[in-house]
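Visitor: What follows is each chain in one-letter form.
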Amino acid sequence: MSNEKIQEELAKYQASVEKAIARFPEREHLPEQRLYTPLDIKDTDYADEISFPGVYPYTRGVQPTMYRGRFWTMRMYAGFSTAEESNKRYRYLIESGATGLSCAFDLPTQIGYDSTDPISEGEVGKVGVAIDSLADMEILFDQIDLGKVSTSMTINAPASVLLAMYIAVAEKQGVSADQLKGTIQNDILKEYAARGTYIFPPRPSMRLITNIFEYCSKNVPKWNTISISGYHIREAGSTAAQEIAFTIADGIAYVEAAIKAGLNVDDFAGRLSFFWNAHNNVLEEVAKFRASRRVWAKVMKERFKAEKPKSMMLRVHTQTAGSMLTAQQPNNNIVRVALQTAAAVMGGTQSLHTNSRDEALALPTEESVMIALRTQQIVAYESGLADVIDPLAGSYYVEAMTNKIEAEAWDYIKKIDEMGGAVAAIEKGYIQKEIQDSAYKWQMDVESGARTIVGVNKFQIEEEAPKNLLRVDASVGEKQKAKVEAMKAKRDNDAVKAALADLKTACQDENENLMPHILAAVKTYATLGEICGVMREVFGEYEAHVNL
Amino acid sequence: MEKKIRVLVAKPGLDGHDRGAKVVARALRDAGFEVIYTGLRQTPEQIAEAALQEDVNVVAMSILSGAHPHLFPKVVDLVRNKNGMKDVLIIGGGVIPEGDIPALKEAGIAEVFTPGTPTSDVVDFIKANVKA
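Protein chains in written order, with the numbering used here: chain A, 1 to 548; chain B, 1001 to 1132.
If we strip away everything but chain B, and leave its shape as in the complex, we get (with noise of 0.2 Å):
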């Protein structure tokens, strides 16, 4: 039998908005997918503990807090070189004006989900990406 995709479904920051992150967490687990989500005010460096503890292939976080550009490519940062995790994806949503998402990218986030995104497409981006 296939191994199942692991997903870290992260809320990074202050932030309590986590409607879209709990709903994706959901979407995903009935996508067949292995999800974890990590609750509300992780920082980086517990997202970051938290991908490796739980081995996952997917961090996959939301941030509807305007503080996407300081956070997001930290988590990357984390788990890229400190975890050494070199082929986990590593996407992000929420709140995120389309002006941002070059520098994100940029710094690592594959992919940026925005308001109005169905849930299939987070799916099938994952199913499409992952190295698993």
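Pulled out of the complex, with its shape left as it was, chain A reads as follows (with noise of 0.2 Å):
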């Protein structure tokens, strides 16, 4: 059918909507556009911006196979109490056919506070496990071969030292470093837009990482340095599109300090991953994973020059969406997650961990974790979602939605520029005041019942409270504590004391890469807030401002 014909039938169509809108009105609070025609990607050039999977701009997929090689990673996170549960809970997921382990520390560890700092009061091992120095980190990984595993480590401004942590665990077990497989977080600017887990302030935190880029190019060259991410943003509240446009203008800030710093951007570029949110609407997540491949392919390709296919590829991770979990009627929860699952599947995810439906109540159990794995599993084998690579592309809808989240991406990355980059932009609270923004009206649209949450504001029953909740045992607090002074009285002080100071002179030398110093302390049983404390003295602290 010639565009023009579609036209003239389309014409006629709403004619017969107009007459049956009239006697049987739309339901409420809906998209504006009821139907997608081919019409509505007319202008989208196949070669130019769908293409095929393996190819540029990778609307298709990173990979020319995807998932008929072999599936996502299908990688839970984990972490709670005691490096000794953490290790069971690990064991137990690779035994459960998990394929990768996502760490998850406590906030005193991601604040590079130690557990024995009176700030830490009541949050040790409460929402991940405690890091003190490398021996919880020796048990953290008990027989767990680090040769084989491929760990990611949610750490964000003291990656760098549970990096060196790993390493030199990895050591000790005779692998080495250009052997490890895994993921850091490591990105700062989310922190200050949307997590709060923030230590120094955006320049010193930019050196760090760039320092991490470097090292790692050259000693863990499989280690993916950094995952941008998007996820957080999207739990403080973001739309889709918000998302990966102010993730890829987080990106865009990285790679222009990397360069800045002196590297080729073929040479760490590969290494970039990121992090996505798979959401409650299915169709426009799957869009909102297809166009971040493109925006950040071009990026790569028009704006930074990079040659290398891999510099261009946006590998992604992705967790379904906490937030959207509710403590109402937990059970459906299972239900939100398998869409999500399928969202990120028919996206293209490169690995996946799907929550478990009791989180909007607390950590989960290891019932609540299998069924949330075996989710994964269910998509995968028996759903058919995985069987054909980007089963939705051509879809009128998706095409164009594809297309529209791009165009909104774009133009917050164009006004992103204009500010001066993501630095800029987050120093002013701009991306913070978007974000709250959008939490706010997506909060209203569920008071005034334009948006349903089933069990939430529609479809409630009286319930029972809900039981076999995960505890974190009280005491873990007073016994990691007791562990980290054990510590102290063994290890070699005036090592640590050395290896410190050195740490110091290092970081009062911009030019300085931090890292091998960093190894060396974590080496010496330093801890993680004794390290710390040496950047805070030197770099001191970012100080958050908040405009409601």
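Possibly wrong hints are sitting among the right ones.
30 Å max Cα-Cα, derived DSSO-like pairs, lysine-lysine [stated by the list, open to error]:
1) B:K1074 to A:K481
2) B:K1105 to A:K458
3) B:K1074 to B:K1105
4) B:K1074 to A:K441
5) A:K298 to A:K458
6) B:K1105 to A:K433
7) B:K1003 to A:K441
8) A:K298 to A:K433
Treat the hints as calculated values from the structure; they're not laboratory data.
Build the complex: two chains, separate frames, hints provided.
Guide: Here it is as structure tokens:
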């Protein structure tokens, strides 16, 4: 059918719709356009914009065979209380068929405080495992072969220290750094914008990040040195387009910083990875994944003149949207997670964490985690969604939505460029404010009923208080404190002092790469708090300013 | 003219999840309250001090990390006993297991708002219970 003919038929269809609506009004609060046709994507050039899997601009996926080769990595984020307990959970996950580890650290660890610090009181071991020194890291990975497993660590401000500890543990296992596979999140910009576990101001933070890029490109070549994260931006309330726009703007800032530090773009860009949220609106999410790959490919090729294909590929880890889980009727969350999983898979993710049904209430129980992992396995093995590459390509709606999200992302990126880049936009509070406004709108839509959340503002029932929630043993903090004290009594404190003094000198010299100094310090069993304390002394701390 | 109700929205502890705190802060402001938001990572001492300095009628705290059994009662103690602010209404919210709520109320948290609560419930609760 020619476009003219389609236009003609469309007009007839619209007329019939008007008649139908007169008799049966449509539901309220729907997206404006009810139907998509070839006219919506008539300007989309297949070769330039869509193309083939493994081919620029990677809209259809970064690998030529995608899941026909192997499935995405089923990577369950876990970690709580002590290193011993977390180690047990990791080994349970590996036995259950998980193919990668993902470590959650407690808040003191994420902010560079020891468990013995007064500020850590009440927080030790709560949202993740407490790691105070190399001694804890040795226990965390006990009997786990670091030469085989790939490990993702959700650690940002002190990422350099945790990575150094991982390298040191591997060394003790007889595994050299060049064999290590995994990811550190290491994305400080989204901490300022959305997640909140920053330590240092932006400038020294960017230095630490580029130090890691440089060190790993030479010594830990298979390591993903950053996971540029939209996940938390979305959790904080952003829209799908804002999620990828703000994250890619952050990515641009990292690439610029690294180039400014003298690195060649193709030497580090292939190790950059991303982290998306899989939210509730399945088709919009699929479009978001596709759009994000296209935007990043264009950024890397056109703006940064990358030449290696790998430098242009947006590889992504995904987690289902925690903020979309409801405390009401928590078993409904199993269904939400299954749909979010379908979105991530049709979107072509490289790895996936699925949330557990009880996470709006507490940390997940083992049974809940098992259901979440099984959800991925059912989608992989039973649903057929992974059998054909990019199965929604060519859908008028999904292609049009991909274009729309891409266009919105470019608008934001342009605006942020004009402000002087992501660091400046964050310092101005622009990105935070945009996210807050979207979060507020979402909440107001839920409260007005414009947006329905099953079990929350519709289809509510009287419920009993949920049972069998996981509780973190309240004595964890005391136990961990005692462990740190005992470790400190045993270590060579002169060696610690010397290593920390050396680190301080290195911090003061902007041209020095800090990684070797941090690695030397962790090997003396200097604690995370001691190492970050030295850096706090030299770099200072970030202070946030909030505009409601 | 009636004096505006003053609310301190606070994030005790180390967790950075402030979507809820910010949404609630804004909803309270839109409901006509005077709202002061502390920002992240406040110690109980800092929150009590801010409550005193800002002379608030309500302290509303949000925690998602599980540190509430430790931090909420500490703030209540400081506000009530150190500041001597006996009439301040102290409320909390976040990912807080139902089983923890009785102990928090016992400690002086007037109400605990868990996920899925409409912000209008918080507004109504404050209006009904504040002593201003």
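Visitor: Please go over all the hints and tell whether each is borne out by the structure.
Guide: Hints, one by one, checked against the model:
| no. | hint | verdict |
| --- | --- | --- |
| 1 | B:K1074 to A:K481 | holds, 21 Å |
| 2 | B:K1105 to A:K458 | holds, 29 Å |
| 3 | B:K1074 to B:K1105 | holds, 13 Å |
| 4 | B:K1074 to A:K441 | violated, 34 Å |
| 5 | A:K298 to A:K458 | violated, 43 Å |
| 6 | B:K1105 to A:K433 | violated, 34 Å |
| 7 | B:K1003 to A:K441 | holds, 28 Å |
| 8 | A:K298 to A:K433 | holds, 27 Å |
Hint check: violations occur at hints 4, 5, 6; the rest are consistent with the structure.
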